[in-house]
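Undergrad: Residues per chain are reported as follows:
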Amino acid sequence: MKQRAVFDVEKESEKDHERYGKFDFGKHCLLARRLLENDITFVQVEHSNYDTHNENFNFHLEQLGEFDRSFSTLIGDLHDRGMLDSTLVVVMSEFGRTPRINARYGRDHWGTAWSVCLGGCRVQPGAVIGKTNDNGTAVADREVDHGNLFHTYLAAVGLDSSGNFKAGGRELPMADPAKSTISELLT
Amino acid sequence: MPVSEDASSLRDCRQTHVVIEWKHDRPLVTCRFNPSGNALFTSAEDNNVQRWEFPSGKKVDYAGHDSWVRDIAFLPDNETVVTVASDDKMIFWSATAEKPAPMKTIEAHKGWIRTIAVSPDGKLIATGGNDNLVKLWNAADATHVRDLAGHDSDIYSVLFHPDGKSLLSGDLSGIVRQWDIANGTETCTFDAKELHTYNGGQQVHYGGVRNMALSPDGKHLACCGLHKATNPLGAVNEPLVLVFDWEDQKKVQSHIGDGALKGIAWRVHYLSDGTLVGASGGSGGGFLLFWKADQDKEFHKLKLPDTARGLDLHPDDLHLATVHYDKTVRISKMAAKAAS
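Respectively, the protein sequence lines represent chains A and B.
All the letters of the first sequence, read from the start, carry residue numbers 1 to 187 under our numbering.
All the letters of the second sequence, read from the start, carry residue numbers 1 to 340 under our numbering.
These are calculated hints, taken from the structure and not from any lab test.
It is possible that some hints are incorrect.
[Unchecked claim] Capping the alpha-carbon separation at 35 Å, the derived lysine-lysine pairs in DSBU-like fashion look like this:
| # | chain 1 | residue 1 | chain 2 | residue 2 |
| --- | --- | --- | --- | --- |
| 1 | B | Lys165 | A | Lys131 |
| 2 | A | Lys15 | B | Lys327 |
| 3 | A | Lys27 | B | Lys23 |
| 4 | B | Lys193 | A | Lys15 |
| 5 | A | Lys22 | B | Lys110 |
| 6 | A | Lys22 | B | Lys228 |
| 7 | A | Lys131 | B | Lys228 |
In this text the structure is predicted, and so the values were computed from the model without any measurement.
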């Protein structure tokens with residue numbers, strides 16, 4: 001593979017490995033920076049094991065300790081390199097955790113209301129769009145779904161989300177025609 | 001219910017039964033009897049502490065923490081209760097006031113404070129938390145005495161030896177360190193790593209020395225928690241109590257549950273005759289477990305109506321308090337039911 005070296009995170013400096021953290025998520029965030037710097041257009045980094053039906057708070061302290069260090073280093077580096085203006089960053093999970101704490105100090109699956117964090121590109125810093133009710137069990141204002149999010153992602157990176165694309169000869173909409181961009185999020 | 005009953009003549013662990021239930025309005029976290037035994041202090045998910053007069057059940061609330069209170073201890077004067085919480089704070093309160101308010105609040109650790117103990121002479125307080133530190137404090141004025149550094153994971157439990165010369169601290173990784181209180185040096189360790197699991201698939205550390213107890217003759221140290229953690233995120237684990245010889249720190253017994261209890265041994269206490277009592281809670285429900293020193297499995301267990309989260313032994317050596325997710329405090333008596 002001609003571009004094999006692009007994926008070789010070991011070519012990054014020892015200092016950067018230390019800054020990002022010498023664990024899987026740290027390495028993956030450092031690799032993400034390397035891929036973006038080499039003009040890879042879409043990079044996904046996973047951090048798993050948030051499925052805390054038991055001792056949610058102990059495990060999330062452990063997980064988020066990793067996440068904070070590596071993710072904040074990545075964002076800082078993208079900012080310092082002037083790359084955030086052209087890079088959309090999305091932090092999301094497929095669902096949230098129950099507002100209610102269960103008998104084992106855990107939180108279970110909650111698909112009724114949760115949040116997605118966006119930054120970079122045209123996303124205005126510090127904006128909070130929509131809200132839940134006081135105990136977080138339901139959306140109280142400005143409910144959006146994946147359809148709205150895809151329009152917003154595409155608009156943020158400068159694409160016309162009302163267009164179509166071809167997959168296997170089929171003409172498909174780039175985003176759900178029934179949904180629209182979360183326009184108040186974008187500058 | 002008199003608290004002066006003669007435990008040695010009345011106590012029959014096999015006859016243990018729930019004699020009192022008190023209801024709170026939020027799930028409960030932990031509990032401690034005060035030294036005189038005339039009150040039980042509990043903490044709950046409302047961030048408050050509750051004082052329940054024993055046995056009447058009259059309740060007084062203590063509001064002042066900003067997160068769950070993880071542990072409670074008393075000065076020997078019976079007048080002062082000290083609480084530690086996940087808000088990094090240690091708070092001193094009146095143990096008897098009708099409308100208690102914080103008397104002194106200390107930012108004691110960087111991160112959760114999980115455990116507190118008071119020295120036998122009442123002069124020192126030890127705390128332990130998620131900053132991997134054990135800290136010693138003057139009980140009289142809450143001034144900091146010294147840090148005991150050496151653990152490399154969260155501190156889950158601290159325990160003063162009755163001789164007043166040493167302190168024990170147990171952490172998430174299953175290491176118990178013994179400290180010389182006079183100079184803060186570490187004197188030995190107990191290897192309780194069986195109470196810790198690292199699950200590579202889920203990439204989480206789990207378990208820890210949840211609580212410790214010394215046998216009445218001072219010859220054994222019991223450390224409780226869990227093992228067989230095949231799915232930490234899903235609460236698939238079993239209670240385990242490891243017992244060590246005090247002199248040579250070697251493990252002499254592993255107390256387990258008979259059958260699948262699916263829980264954590266949250267806390268253990270030795271009764272005056274050497275019987276070890278533990279409370280287990282988890283996906284399998286709540287149990288009181290009773291072990292003899294020479295048997296790995298319990299000789300008796302009582303299934304509680306809901307999963308247990310905390311346990312304490314009344315000074316009368318006859319009653320046990322457990323706190324539960326179903327917002328209920330349960331007092332169990334280790335004796336036959338009174339004839340009706």
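Undergrad: Hint by hint, note whether the structure agrees.
TA: Results of checking the hints against the structure:
no.: 1; hint: B/Lys165 - A/Lys131; in the structure: violated (55 Å)
no.: 2; hint: A/Lys15 - B/Lys327; in the structure: violated (51 Å)
no.: 3; hint: A/Lys27 - B/Lys23; in the structure: violated (50 Å)
no.: 4; hint: B/Lys193 - A/Lys15; in the structure: holds (33 Å)
no.: 5; hint: A/Lys22 - B/Lys110; in the structure: holds (24 Å)
no.: 6; hint: A/Lys22 - B/Lys228; in the structure: holds (28 Å)
no.: 7; hint: A/Lys131 - B/Lys228; in the structure: violated (41 Å)
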